[in-house]
Structure formats: structure tokens, C-alpha cells
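Put together the whole structure using the sequences plus the hints.
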Amino acid sequence: MNLTVDSQKTVDHYLNALRKELRELLEDDVRDIVEEIHAHILDKAGADPSPEALAETLAALGPPEKLALRYRTEELLRRARRGRSVGRILRDSLRWVVLGLSGLIVFLISAAGYGIGGFLVWLGSMKALHPHRTSVDLQFSSTMWTASFQSGGPPRGHDPFGLWLAPIGILGGALILYLTFRFGSWGVRKFWNPRPRATLVPADE
Amino acid sequence: MPDSAEKWEVQLRKGSLELAILAALWQGPLYGLEILRTLESGSEIVVVEGTVYPLLTRLRSLGLVESEWVESDSGHPRKYYRLTESGRQRAIAMAQIWSRFSASMAHLLEPLTAPGANLESKVSAVRRGKS
Chain W
1 MNLTVDSQKT VDHYLNALRK ELRELLEDDV RDIVEEIHAH ILDKAGADPS PEALAETLAA
61 LGPPEKLALR YRTEELLRRA RRGRSVGRIL RDSLRWVVLG LSGLIVFLIS AAGYGIGGFL
121 VWLGSMKALH PHRTSVDLQF SSTMWTASFQ SGGPPRGHDP FGLWLAPIGI LGGALILYLT
181 FRFGSWGVRK FWNPRPRATL VPADE
Chain L
1001 MPDSAEKWEV QLRKGSLELA ILAALWQGPL YGLEILRTLE SGSEIVVVEG TVYPLLTRLR
1061 SLGLVESEWV ESDSGHPRKY YRLTESGRQR AIAMAQIWSR FSASMAHLLE PLTAPGANLE
1121 SKVSAVRRGK S
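For the protein sequence lines, the chains are W and L, in the order given.
Take the first sequence: its letter number 56 is residue 56 in my numbering, and every next letter is one higher.
Count along the second sequence from 1, add 1000, and you get the number used in my numbering.
Simulated from the structure, these hints should not be mistaken for lab results.
Here the structure is a predicted model, which means the values were calculated and not measured.
Straight-line alpha carbon distances no greater than 27 Å define the calculated BS3-like cross-link-like pairs of lysine-lysine that follow: (1) L:K1014 / W:K66; (2) W:K9 / W:K66; (3) W:K66 / W:K20; (4) W:K20 / L:K1079; (5) L:K1014 / W:K44; (6) W:K20 / W:K44; (7) W:K44 / L:K1079; (8) L:K1079 / W:K66; (9) L:K1007 / W:K66; (10) L:K1079 / L:K1014; (11) W:K9 / L:K1079; (12) W:K20 / W:K9; (13) W:K9 / W:K44; (14) W:K66 / W:K44.
If you want it as C-alpha cells, here you go:
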């Protein structure tokens, strides 16, 4: 294939933009994708392509940003199938927030779940390690009830859990962490539609 | 055609693309542009090119296809895709589901699509009734 200097610049510009948008993916995957799209451009535009033919080829592929987004979405789904970690679920959900309300809801619930679960595990551990310096102080009244946590000194108020705070905190927190983990994994699988938006169109369109 | 019907058609075609690609690869390995041309020549549809390559990536990650770079006479290597055994089984299963579904839908839609149904006049009558 013999590309003019201008045509070569056009192709390089497109591929560089695609490579830049794919930077979140593994380097080997990015190289593979860019090489395949490059091969497609060379095949589709043909030998000695006119600027119009080249422009038509690139237009058919779509803007590099959109093309990269489709690849990134597929990659995120692949990670979802492969397995989830706490950090990955939160990170992917955060990216997902921009894609829709369901992503925002899953992100907020996951963040709250991990926060509460982590806090309970820490609280239970503190109670186990420092039983006389860790307590939960519950205060009830006719109109409201409050709960406060005190660490670093002897309990001041009503501590209904006593030493049970250690197993309750650790086990309860672990259960919340596990359920949040399962919820996050389920949410990604259930609501995240990774399929490209535009696919087949009738030939006469 | 109303917008909602067009959207439905897009969704229908979107859901068919995975099966269409698996079917295109049934006869043997193809590279990207060959897959696109097979889909276009084998049906009345053309494919938005930017959607096929990411979808091929997904099919590969699912283990339904495998790929290999092959040197070509054109001066640059091409990435060929072929069905795996799992991909062939999936293609058969999807084709069977498609056949059953389309047959039952064809039976259901027979009153609408029969030669004497004169669908155009019925649609016009419905539209006149709405306006």
C-alpha cells in the first residue's frame, strides 16, 4: 500500500488518538487492537487510496474515542467475569457512574457497604484487643435514639453489647463486606450493558 | 416508520450480531474485513464496522473464537478469527433457538404478512384513525 504523506499523517493521527484512549488497557492488548485497526484501514482503503476513500474508511470505523470506549467497555466486562476485588468494584463502579443512574446507585451502596462493614470489623477487633477502652454508647429517648462510639477511655454510657461487641463487630462486619462484594459483582453483571450501541443497520439506510 | 419501531429494529439487529458473526465464521477462519463482507453479502444488512472488532474481542475472551496473526501478500499481517469447539456449540445452540423463535413468530404474524393482508392499507387506516 502506498500512502501519500498526508494520508499517512491522517492514519497515524487516528491510530495515535485510539492508542491514547486505550491507555487504561494492558499494553499488549493496546498494541494488538491498534495493529488490527491499522490492518483494517489498509485492507478497506485499498492500494493507493484517495483522501476521500481514506476518510470514508475512518468514518465507517467511527471516531477513535467511540471506538476506544467500546473496547474499554468490553474490557471492563471481561474483568467483571474474571473476578472482583473490593478496589476493582469501586473503581469500575466509579467509572460506571458517568454511564447511568444504576451505576451511581451501585457505587453508593457499595461504598456505604464497604465503609460500614470495614468499620464494624475494626470496632470488633478493637473490642477484642482493648475490651475496657472500646464501647458503643446507646442513648434512647421518646423521640429519638443515638449511638456513639468511644475509644481510648472507659465506657461512659450504656453499653448493651459488652464483650459481645467483638464477635458481633467482626462477624457482622465481615458479613456486610461479603454481601457488598456479592452485590457489587451482581450489579456489574446485571445492569452494565457492554454491548455497542450501534450495530447492524439495513443496507438501504 | 415510527421512531419506536426503528429503535426496536436496532435492538433486534444488535441482539443478532453475535450469532451473525459466529455464523460467518462457520465455514472457516476469516479476518475482520472478510467477516464484515460476509455479513453484508449473506444478508440485507451492513454492519457498523466500529462495533464488530470490540465484539470479536468479547467473543475471544468468552472462548468462542480464537485469533492468530497471519502474514499476507498485501504487505501487512492480518488477524484471523476461527471458531473454537465451544464457539461451534454455541453457534448451533443459538441457531436452533433462532429457528424455533422465528418459526413461532412467523406463525403468529401470518395474518399480518399474508399476501392478501394488504398491510400498507391497514397501516394507513390506523394512522388515519389516530389523526
